[in-house]
Every structure is written in structure tokens, then in C-alpha cells.
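**Q** Could you slot chain B onto chain L? The hints should help.
Protein sequence lines, in the order shown, are assigned to chains L and B.
Numbering-wise, our numbering puts 50 at position 50 of the first sequence, and it's gapless, one number per residue.
Numbering-wise, our numbering puts 135 at position 25 of the second sequence, and it's gapless, one number per residue.
By construction, these hints were calculated from the structure, which means they are not laboratory data.
Some clues are possibly wrong.
Covered by chain B, according to a simulated footprint, are these stretches of chain L (three or more residues, beta-carbon under 8 Å) [stated by the list, open to error]: (1) 28-35; (2) 45-57; (3) 97-103.
Even glycine gets a Cβ: it sits at the ideal position worked out from N, Cα and C.
Here is what each chain is made of, one letter per residue.
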Amino acid sequence: DAKTTQPPSMDCAEGRAANLPCNHSTISGNEYVYWYRQIHSQGPQYIIHGLKNNETNEMASLIITEDRKSSTLILPHATLRDTAVYYCIVRVDYGQNFVFGPGTRLSVLP
Amino acid sequence: NAGVMQNPRHLVRRRGQEARLRCSPMKGHSHVYWYRQLPEEGLKFMVYLQKENIIDESGMPKERFSAEFPKEGPSILRIQQVVRGDSAAYFCASSLSGNSNQPQHFGDGTRLSIL
Numbered sequence: 001d002a003k004t005t006q007p008p009s010m011d012c013a014e015g016r017a018a019n020l021p022c023n024h025s026t027i028s029g030n031e032y033v034y035w036y037r038q039i040h041s042q043g044p045q046y047i048i049h050g051l052k053n054n055e056t057n058e059m060a061s062l063i064i065t066e067d068r069k070s071s072t073l074i075l076p077h078a079t080l081r082d083t084a085v086y087y088c089i090v091r092v093d094y095g096q097n098f099v100f101g102p103g104t105r106l107s108v109l110p
Numbered sequence: 111n112a113g114v115m116q117n118p119r120h121l122v123r124r125r126g127q128e129a130r131l132r133c134s135p136m137k138g139h140s141h142v143y144w145y146r147q148l149p150e151e152g153l154k155f156m157v158y159l160q161k162e163n164i165i166d167e168s169g170m171p172k173e174r175f176s177a178e179f180p181k182e183g184p185s186i187l188r189i190q191q192v193v194r195g196d197s198a199a200y201f202c203a204s205s206l207s208g209n210s211n212q213p214q215h216f217g218d219g220t221r222l223s224i225l
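Just chain L, with the same shape it has in the complex (with noise of 0.2 Å):
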């Protein structure tokens, strides 16, 4: 597995862009990039996955470098809701599991 360094932890103020960077500098070609979140005592969930190109879906952005070394999770308006844990995580294989690291625990405040 290409390990993922993050932040532990960020604040960001309800309503502003919540910019979540993740370090994955020994990602290999065929790696795809994933971004999961975990609210307390809930399950993962879901938020986006790319290759290389960036990506958009109704929950999120994600900003993927060219060297593919880096890349940021972007929550346009961050609400309260958005308060959790969130996981970058790099996957290859078919079949294999996800390796969950600390993460970066996410205060959104009022």
C-alpha cells in the first residue's frame, strides 16, 4: 500500500471551504486516490475516489496533482454536519481491502 500522510486535525468556519490535504507521495501508476468519512459512531462513508483526473460529485471536490503525489479534498460550504473524521486512502488490487489511517479530524464552527 502507498502510505497517506494528513493532517490530524483542522478547523474550519461553517459556511467557508474546508480544504483537506493528504500526502501520497509513493503512489504508484495504477493507485487510485479514495476519501472516506467517519461522523461519531456511524460507519465510513463514501465521499469520492479518482485516478488522475480531478473530481466532482454533490458531496465534494478532489484536487488530484499532476505528479499525483498530493491531493485535497474541498467541502465548498462546510456545515456543522460536515464535523468528523476524514480518511485518504490509496488502493490497488483488485479485491483489496482499505487501509484506514488517524485521518483528519475535521471542527466545523459556528
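**A** Just chain B now, with coordinates in the frame of chain L:
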């Protein structure tokens, strides 16, 4: 569409008893993964199953733990002779296929407490 359903949500057992955790994957999903989360820790992979087959059980303890995913019915994670250290949240995830481009979708877990 119903998501991944796990039951029970909470399970209390005394030391030495058996615990059975059930997971119904999302409709159309035939790949199931089980993870365990100890208090204040991240999720750790336990086992990956495809209908009637165990594909990868490298994260599952060799003793007392077993998993199955029969042709009909939910996937079952079974813990025999439970001990205090088995207290944790157990999450199940399912995916459409095992391809790396397919996300896993998680249930809300079973919280197992051992008295």
C-alpha cells in the same frame, strides 16, 4: 436503495458466550468486507468474502473468529468464546466488484460489548 444493513446495532455478551454479527450487502453487491474498530482507533481489516468464498482472511484472528457469506442470506461474522478484548465496533462493507475503481459502502456497525 437500501444501504448496507447490519444487525444487531448493539450486542452484549458475557465472557465465554458466542457473538453472531450479520451483514446484508447493498442490492447487487456480491463482495463483502469486515472491519473492526477498537475505541479511539482506526478501522482494521479482518476478512474479505465473495459469495460462498473467503478471498482474504489475513486480518482475522486464527482462533475463535470465523466468517461466511452463503449463497442465500446475509454474511455472518461469528466470534466464539468471547473475551473482553473483543469489545469493539464491527463494520461491514460491500462493493459491486473487487475492482479498485469500485468504492466500498459501509454499514453503521455492530457495537459489541463483553461483560
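**Q** How does the coverage statement for the segment 97-103 of chain L fare against chain B, requiring three or more residues with Cβ below 8 Å from a Cβ of that chain?
**A** holds (count 7)
**Q** Can you take a look at whether the segment 45-57 of chain L is actually covered by chain B? Rule is 3+ residues, C-beta closer than 8 Å.
**A** holds (count 4)
**Q** Examine the segment 28-35 of chain L: at least three residues should have C-beta closer than 8 Å to a C-beta of chain B.
**A** With 4 residues in contact (Cβ-Cβ under 8 Å with chain B), the coverage given for the segment 28-35 of chain L holds.
Going down the numbered hints, you'll see the structure goes against none, and every one checks out.
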